[in-house]
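Novice: Given next are the chains, with one letter for each unit.
4 protein chains.
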Amino acid sequence: MMRTITLAGLLLITAGAWAQSAPPPSAAKQAVVQSVDRHAKDLIALSDEIWAYAEPALREHRSAKALADYAQRKGFRVERGVAGMPTAFIASYGSGRPIIGIMGEYDALPGLSQKAESAKSPLVAGAAGHGCGHNLFGPASLGAALAIKELIQAGKLQGTVRFYGTPAEEDVGGKSYMARDGLFNDLDVVLSWHPDDRTRADNMSSYAMVDVRVEFYGKAAHAASDPWNGRSAVDALELFTDGVNLMREHIRPRSRMHYTIAAGGDVPNVVPEYGKVWLWLRDSQRSEVEALLVRVRKLAEGAALMTETKSAVTIQTGSWELLTNTTGARLIDRNLRWLGPITYTDAEKAFALAIQKENGISEVGMSDVIESIEGQETETGSTDVGDVSWIVPSLGFTIATVPKDAPWHAWPVVATSGMSIGHKGLLLAAKTLAATAVDLYEDPAALQAVRAEFEKKKGSTVFQAYVPPGPPPIPK
Amino acid sequence: MMRTITLAGLLLITAGAWAQSAPPPSAAKQAVVQSVDRHAKDLIALSDEIWAYAEPALREHRSAKALADYAQRKGFRVERGVAGMPTAFIASYGSGRPIIGIMGEYDALPGLSQKAESAKSPLVAGAAGHGCGHNLFGPASLGAALAIKELIQAGKLQGTVRFYGTPAEEDVGGKSYMARDGLFNDLDVVLSWHPDDRTRADNMSSYAMVDVRVEFYGKAAHAASDPWNGRSAVDALELFTDGVNLMREHIRPRSRMHYTIAAGGDVPNVVPEYGKVWLWLRDSQRSEVEALLVRVRKLAEGAALMTETKSAVTIQTGSWELLTNTTGARLIDRNLRWLGPITYTDAEKAFALAIQKENGISEVGMSDVIESIEGQETETGSTDVGDVSWIVPSLGFTIATVPKDAPWHAWPVVATSGMSIGHKGLLLAAKTLAATAVDLYEDPAALQAVRAEFEKKKGSTVFQAYVPPGPPPIPK
Amino acid sequence: MMRTITLAGLLLITAGAWAQSAPPPSAAKQAVVQSVDRHAKDLIALSDEIWAYAEPALREHRSAKALADYAQRKGFRVERGVAGMPTAFIASYGSGRPIIGIMGEYDALPGLSQKAESAKSPLVAGAAGHGCGHNLFGPASLGAALAIKELIQAGKLQGTVRFYGTPAEEDVGGKSYMARDGLFNDLDVVLSWHPDDRTRADNMSSYAMVDVRVEFYGKAAHAASDPWNGRSAVDALELFTDGVNLMREHIRPRSRMHYTIAAGGDVPNVVPEYGKVWLWLRDSQRSEVEALLVRVRKLAEGAALMTETKSAVTIQTGSWELLTNTTGARLIDRNLRWLGPITYTDAEKAFALAIQKENGISEVGMSDVIESIEGQETETGSTDVGDVSWIVPSLGFTIATVPKDAPWHAWPVVATSGMSIGHKGLLLAAKTLAATAVDLYEDPAALQAVRAEFEKKKGSTVFQAYVPPGPPPIPK
Amino acid sequence: MMRTITLAGLLLITAGAWAQSAPPPSAAKQAVVQSVDRHAKDLIALSDEIWAYAEPALREHRSAKALADYAQRKGFRVERGVAGMPTAFIASYGSGRPIIGIMGEYDALPGLSQKAESAKSPLVAGAAGHGCGHNLFGPASLGAALAIKELIQAGKLQGTVRFYGTPAEEDVGGKSYMARDGLFNDLDVVLSWHPDDRTRADNMSSYAMVDVRVEFYGKAAHAASDPWNGRSAVDALELFTDGVNLMREHIRPRSRMHYTIAAGGDVPNVVPEYGKVWLWLRDSQRSEVEALLVRVRKLAEGAALMTETKSAVTIQTGSWELLTNTTGARLIDRNLRWLGPITYTDAEKAFALAIQKENGISEVGMSDVIESIEGQETETGSTDVGDVSWIVPSLGFTIATVPKDAPWHAWPVVATSGMSIGHKGLLLAAKTLAATAVDLYEDPAALQAVRAEFEKKKGSTVFQAYVPPGPPPIPK
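Chains as they are written, first to last, in the numbering used here: chain A, 1 to 476; chain B, 1 to 476; chain C, 1 to 476; chain D, 1 to 476.
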């Protein structure tokens with residue numbers, strides 16, 4: 001297969017620019033790069049396996065097992081089914097401080113099945129696909145943890161490394177449950193990365209978000225013969241959404257509210273006794289999200305009062321805004337620049353261009369630069385990494401694994417995540433994670449600086465998860 | 001003038017059909033008919049005077065004075081400014097029981113000024129006009145009271161007669177304040193009539209109604225620079241009206257709710273801190289109106305809750321549904337049939353046809369029959385006579401004073417109310433009122449039967465006015 | 001009572017009284033009653049079989065087969081799968097005129113599974129149940145057709161009898177497709193009945209109805225990062241329903257509009273590109289339904305214009321108001337009174353009372369009278385018999401098969417339809433259908449009178465089905 | 001770069017410091033300062049006179065006359081009633097180029113009458129007041145023009161000076177009509193200023209805006225007896241505003257839409273045949289405002305379609321976003337720093353503190369610094385100077401005339417505009433305007449630089465006024 005043939009080429013990432021602007025990379029740092037190269041074949045195989053499984057949120061049974069089994073085979077202590085989720089696990093090695101975590105995701109997206117080809121073509125019609133590249137995410141992170149484990153085992157580094165298998169990022173928010181249950185509490189730092197169309201250390205926040213279910217309960221009646229005896233839950237629902245839309249003028253321009261009508265009556269000839277709105281509230285500040293939530297509760301209560309129905313507002317999930325760590329971003333940025341951008345074969349370049357042509361976007365191929373950590377704007381999207389970032393300094397970055405400007409959560413991401421373009425990203429991600437971890441193990445001052453920034457920004461805030469008490473919503 | 005020239009012709013109303021189906025009209029009954037004819041010139045002059053004044057609700061100063069002065073000149077005891085309204089008065093004569101009241105209205109309608117001509121032509125552009133024929137109403141009723149007074153004075157009848165000058169029927173509801181203040185409490189029966197396009201004794205109910213002011217109080221802010229600090233009273237208002245419209249599916253088909261937006265913000269660049277809806281609720285049953293009002297209060301409260309504003313729901317006025325009295329309707333019907341329908345001159349017929357042609361309606365002229373008391377449907381409109389009808393048996397009828405199917409509250413009513421067609425109606429109305437009063441004075445069994453039906457229908461209900469405590473809203 | 005006596009004896013109640021005021025029941029009429037009794041065991045077994053199948057609309061494969069097979073075994077010519085519906089069939093016998101049809105239904109309702117017990121207890125949780133008693137409907141009608149077939153076969157009656165197996169009354173409207181395809185065109189009369197809580201000949205109309213799907217097509221966008229690039233189909237949907245609710249003030253009080261929100265977006269973080277409302281419009285007059293539909297089309301078009309989306313309004317099904325036939329109702333009424341009301345055992349009475357107690361309604365047991373054909377009010381519900389009634393005179397009646405005032409489309413109907421109370425109703429229905437058919441076969445004047453009333457009421461109207469061209473929506 | 005060179009100088013506030021970092025103020029510049037001081041008494045008297053008149057938009061008859069008469073007395077050629085507005089005028093002196101305009105406003109705000117006292121106390125209850133300080137604006141600008149006129153007359157400067165008396169800034173937008181009619185077309189530069197709570201040269205844009213009237217025309221009917229024959233204009237209005245609010249999710253966060261309901265029906269018992277919304281659309285980009293307007297037209301059209309009414313969308317006024325001129329801002333800034341901030345007496349300081357105390361805001365007194373031209377954010381408000389700024393380079397600044405953070409368009413502004421705090425601001429404004437004009441007359445390079453920036457930013461855009469053709473809406 002083309003994928004294995006090009007494997008050799010993947011290993012040629014060099015590190016020229018480093019020497020000029022920073023201390024020369026330590027032996028340990030050189031070692032982790034070599035480790036990733038040494039396990040590259042395994043990691044790519046794991047990625048391709050998970051890509052083929054394409055299991056959505058909280059259904060990642062085979063994907064999680066593949067990763068956990070690999071970790072176990074490689075000598076990690078593995079705890080499976082943590083935080084009430086059968087597909088969440090933690091693989092640990094070493095002892096004592098520092099304790100550095102590396103997170104990996106592996107859930108797919110419904111309906112996005114696609115072959116590793118440059119034109120839209122489902123692998124299995126209607127099935128899920130890795131439209132967010134999480135098949136690369138898990139193996140890269142585990143590969144980094146493995147590289148560190150080898151150095152600890154060899155006595156070259158002191159401390160503990162932990163790989164967090166974090167399911168359900170696309171829905172529910174697996175990390176939020178793990179955060180709620182305290183699984184990150186004793187970490188010194190946590191690292192992660194994400195596939196993207198560009199390569200850079202993250203130095204931007206994301207939006208805080210709550211995901212709420214707003215339900216109304218009315219009284220049924222025959223809509224033709226005695227509608228006056230009915231009290232419509234859908235009337236309440238419509239007033240509620242009217243209220244949301246009127247409220248839009250009176251929220252800060254940066255805030256976002258968006259909803260769907262998840263239940264709006266069964267059959268027309270019955271006055272509906274049940275209605276449901278699914279609503280997300282977001283803002284760059286968690287405090288504002290909470291202020292919006294207070295108002296949304298009033299909207300629901302008022303709409304119920306107006307229609308003589310009952311309402312219930314339930315938080316389903318949510319995440320805090322990401323707490324950035326510029327000190328950490330600089331460490332990552334330095335490692336990215338040392339490792340350098342990926343180079344692509346002509347075939348890969350053609351693949352990327354073909355995808356861009358298919359999508360009617362600028363045919364510029366893959367991004368081939370390391371972008372700056374300066375001037376990054378807050379992401380209006382949300383992530384469950386946000387929750388983790390208020391418990392432990394969370395450092396992250398993105399690696400270009402898809403053509404520039406390709407639509408996200410869409411078939412092009414599935415396509416490149418299943419072939420050499422994605423594989424190259426996986427390896428660069430693993431090396432960057434491991435190299436940054438080495439910095440933190442080897443240089444107590446660096447670790448201290450990262451934590452100092454974290455403590456200062458966090459202040460006295462104590463994380464409290466938006467996800468409700470009780471077990472996660474495991475599908476049956 | 002044509003109006004005075006035709007006066008002689010007005011007096012020729014004969015009474016042929018009576019003998020066959022009822023006891024022969026008493027001498028007293030003959031006398032009241034003659035009395036009305038004797039004062040016809042005065043009554044018509046009063047009507048024309050009030051028609052020319054055309055004073056709207058609670059501004060009927062000259063109109064009320066003209067009537068009260070006439071009554072005083074004719075020997076009535078006159079109490080002016082009753083129930084807190086400068087334009088309300090009571091003119092009494094006699095003593096002891098029975099006490100029979102006759103009500104008269106005299107308020108005009110804004111914007112309906114019109115000459116006594118058969119094509120649209122305002123007398124004074126933009127001014128008020130008697131588009132409901134109340135200029136005929138007051139004088140006819142006073143004429144009937146005068147006829148009775150003469151018989152009491154002559155010792156031919158025993159008891160008391162009272163003319164009620166009841167202002168502001170078109171707005172506010174003058175009778176409702178008089179009812180609230182107990183001015184009808186000691187009556188045995190009250191009589192009234194109304195101009196119409198047909199002649200018949202009333203045997204139908206009307207809708208109960210409340211007139212409410214729904215106000216919202218928000219918080220102003222600059223709509224461009226910090227709308228998020230504002231809480232819009234108009235948002236609340238819009239949710240309120242949305243709620244009213246959603247509620248329409250869940251009220252009985254016979255109920256009516258209608259509103260206007262009376263205040264919806266001053267200038268666009270300020271988030272409005274005040275909003276007002278003017279709402280009427282109606283149903284054939286007062287209990288249902290009250291049930292609607294309970295729900296409307298919830299609508300207002302809920303809309304305020306949803307928008308973080310304050311609400312206030314204030315009853316401005318309202319009236320109960322009319323309590324019919326079929327026993328009384330039969331008395332009136334018998335007198336109408338005795339007095340017979342009005343006959344019109346060729347000029348009058350042509351006048352009526354011309355109006356119908358102008359309005360694009362069927363050119364059938366004036367109604368010339370006494371319609372039946374059977375099969376009358378509830379009127380969806382409302383009247384302050386409704387309130388009176390729960391305190392004292394209230395008998396009424398309509399007299400054709402406008403062409404068949406002519407639009408009401410419109411120029412054709414003003415036109416015919418100012419010329420001989422209206423004058424003939426006035427005289428027939430006065431005679432019918434007086435003749436029916438004679439029946440009640442002379443025949444204790446008839447009076448008793450009327451009251452028995454009233455007591456039975458009313459049951460233990462005790463009237464409570466919808467109009468609020470405190471003085472009526474007298475304009476400044 | 002006096003009123004019925006003066007109605008030329010039509011309404012005299014017992015079979016004994018029949019002789020006095022009407023021709024004695026013919027031998028043929030006696031024979032059909034005996035035939036039903038002779039096949040009672042078969043008919044009840046068929047009913048119980050269909051009750052157990054409980055197959056919903058257009059899925060009644062086993063139910064239709066049971067009935068069609070029985071008809072075939074009994075000597076009818078059977079045509080299956082008519083009008084494009086696998087579960088529709090026609091069973092015929094005889095030749096020449098008159099051709100009399102008898103319709104039978106057999107579809108169940110989703111979610112109403114219930115044992116034949118007097119307390120709520122599903123037979124199969126979540127499964128369908130005969131909550132409208134159609135398991136009784138089909139066998140009774142077929143039993144009546146069989147009784148007539150025997151007489152034709154025996155040369156006692158001349159003409160043709162046809163049983164129409166009409167599926168999907170509860171949804172889609174099977175008869176509407178059969179009517180559209182002309183399957184009733186050559187009939188002289190059609191008969192049917194329906195289970196109910198009371199027994200009487202139908203002399204009331206039902207509401208005309210159209211069932212429409214209103215769809216909106218917008219443009220998706222990320223709801224957090226660029227909602228300004230999206231055009232929400234749900235915005236359009238909400239404006240559409242706002243429009244419906246505002247319109248309620250401006251339709252006749254007797255009209256009905258009711259809807260559900262069938263699709264209102266998938267996930268909150270995507271601006272919805274699709275929305276669907278499911279709407280029914282009803283009125284006692286088809287012309288008014290059509291006027292409403294014109295306005296609804298404008299609502300959809302306007303809502304799309306306002307939101308820069310596209311709309312589509314599609315008629316899914318619909319039915320005309322029922323054309324009553326009082327001449328036919330009198331025939332049925334006479335037969336019902338001849339056959340007399342059902343008598344129940346103590347156990348059956350207790351069963352009925354227990355159901356009423358369970359439902360918190362008046363514990364009065366089963367209705368035991370034949371109610372009058374006078375004073376029946378238009379049913380605000382709709383039926384696909386309405387369509388048939390504009391093609392051929394359609395005579396019908398109801399038989400009490402459930403306790404008085406028991407909730408319809410609910411478990412009590414399933415319960416009594418599966419035990420002796422329902423069975424007794426089935427037999428009375430079969431006898432009444434057959435006896436009325438005998439009247440029409442034997443008495444050309446009666447048939448002629450029924451048709452004359454039909455022709456007069458129908459006038460020149462030519463039936464056109466609301467159901468769209470093309471095949472019925474057969475589930476896969 | 002000049003910017004960094006001059007930056008040092010900017011920070012040195014006194015006129016003494018000027019010499020070190022910039023050319024010494026010319027004799028002409030010294031002369032204009034002396035001129036303003038010489039006429040100070042006149043200018044303050046004019047200001048107090050206009051303050052006392054307090055005439056609102058397009059009613060500034062006495063205010064305009066006072067200024068125009070003064071100009072005429074001082075030797076200007078005065079053209080009154082320009083651009084169709086009786087209260088607009090132009091006063092000119094000199095000939096040839098450059099032609100420099102100076103604009104002055106003088107309209108008051110309804111309802112803000114206030115004495116020149118530090119606690120709320122209306123001068124004339126309910127009357128207008130100078131809540132935007134325009135009584136200072138006009139005289140200061142005219143004083144500057146007079147200073148220039150004296151130099152031209154004395155042969156010290158070459159060219160033409162023009163004072164523009166621009167009415168109705170608070171409503172309608174007088175400058176927009178003057179711009180539409182080409183009255184600014186031949187200018188080289190135009191100068192203006194505005195009272196404020198801080199002193200600085202303007203270097204920020206403002207929002208473009210259109211002010212539209214959205215009207216609906218329905219069909220009246222009696223709301224109780226036949227509402228089904230009515231088509232409510234208020235229904236249309238409500239759908240329209242619903243549409244605006246739904247649209248809020250789908251516009252850029254920086255855009256603003258705000259409205260009031262200006263007409264929402266007369267009396268509840270009539271289905272309203274007329275409804276009016278008053279709507280403002282704003283964005284920092286005129287193109288976006290126009291895109292919003294296109295959508296608003298669809299909202300109105302769709303709402304009318306949905307309700308079977310008619311709609312009309314009419315632009316009443318509007319203004320373009322302000323085209324900034326940083327070159328000009330630097331000239332002004334230099335002059336402001338030369339002239340220095342105002343110093344206040346103890347009494348004035350106490351007056352300012354008392355106002356702040358009354359308003360519950362920070363008691364910091366008057367601003368006493370010249371603020372920077374760097375980092376100014378776009379003003380979300382709009383101004384008719386925006387229109388002018390696309391025709392001719394428009395330079396402006398603000399002078400502190402009210403206490404820091406005092407509410408605008410409120411009584412504190414009226415108070416300080418009527419006493420010495422305002423007067424001091426007036427004089428500094430006049431001097432700054434005149435000094436900046438001197439720079440432009442004396443230094444062709446400076447004028448050329450200002451125009452070059454203007455031409456570059458404007459590009460090929462040709463101004464087209466939002467105000468409609470035809471006469472301005474002069475009140476009667």
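Hint data in this document are derived by calculation from the structure and do not stem from the laboratory. Please read all numbers here as calculations on a predicted model, not as lab measurements. Just so you know, not all the hints are guaranteed correct.
Simulated pairs of lysine-lysine, DSSO-like, Cα-Cα distance not exceeding 27 Å [claimed, not checked]:
no.: 1; chain 1: C; residue 1: K298; chain 2: D; residue 2: K404
no.: 2; chain 1: C; residue 1: K65; chain 2: A; residue 2: K276
no.: 3; chain 1: B; residue 1: K298; chain 2: A; residue 2: K310
no.: 4; chain 1: A; residue 1: K276; chain 2: B; residue 2: K276
no.: 5; chain 1: D; residue 1: K357; chain 2: B; residue 2: K219
no.: 6; chain 1: D; residue 1: K310; chain 2: C; residue 2: K310
no.: 7; chain 1: D; residue 1: K404; chain 2: D; residue 2: K349
no.: 8; chain 1: B; residue 1: K156; chain 2: B; residue 2: K41
no.: 9; chain 1: B; residue 1: K276; chain 2: D; residue 2: K349
Pulled from the structure, derived: some chain B residues nowhere near chain A, Cβ distances all over 10 Å [said to hold, decoys possible]:
no.: 10; residue: V78
no.: 11; residue: P98
no.: 12; residue: I152
no.: 13; residue: G182
no.: 14; residue: R213
no.: 15; residue: E308
All C-beta atoms in this analysis are idealised placements derived from N, C-alpha and C, irrespective of residue type, glycine included.
Novice: Now look at each hint and say whether the structure bears it out.
Specialist: These are the hints, each one checked on the structure:
1. C:K298 to D:K404: Status violated; Cα separation ~55 Å.
2. C:K65 to A:K276: violated, 41 Å
3. B:K298 to A:K310: holds, 13 Å
4. A:K276 to B:K276: Status violated; Cα separation ~31 Å.
5. D:K357 to B:K219: The given pair, whose Cα atoms are some 21 Å apart, holds under the 27 Å limit.
6. D:K310 to C:K310: Distance ~21 Å between K310 of chain D and K310 of chain C Cα, so the pair holds.
7. D:K404 to D:K349: Answer holds: K404 of chain D to K349 of chain D is near 11 Å, not above 27 Å.
8. B:K156 to B:K41: The given pair, whose Cα atoms are some 24 Å apart, holds under the 27 Å limit.
9. B:K276 to D:K349: Violated, at roughly 43 Å.
10. V78: holds, 49 Å
11. P98: Check passes; 44 Å lies beyond 10 Å.
12. I152: Given a closest Cβ separation of 52 Å, the condition holds.
13. G182: holds, 36 Å
14. R213: R213 of chain B is indeed farther than 10 Å from all Cβ atoms of chain A, at 18 Å.
15. E308: Given that some Cβ of chain A is not farther than 10 Å from that of E308 of chain B, nearest at about 7 Å, it is violated.
Checked against the numbered hints listed earlier, the structure breaks hints 1, 2, 4, 9, 15; every other hint is satisfied.
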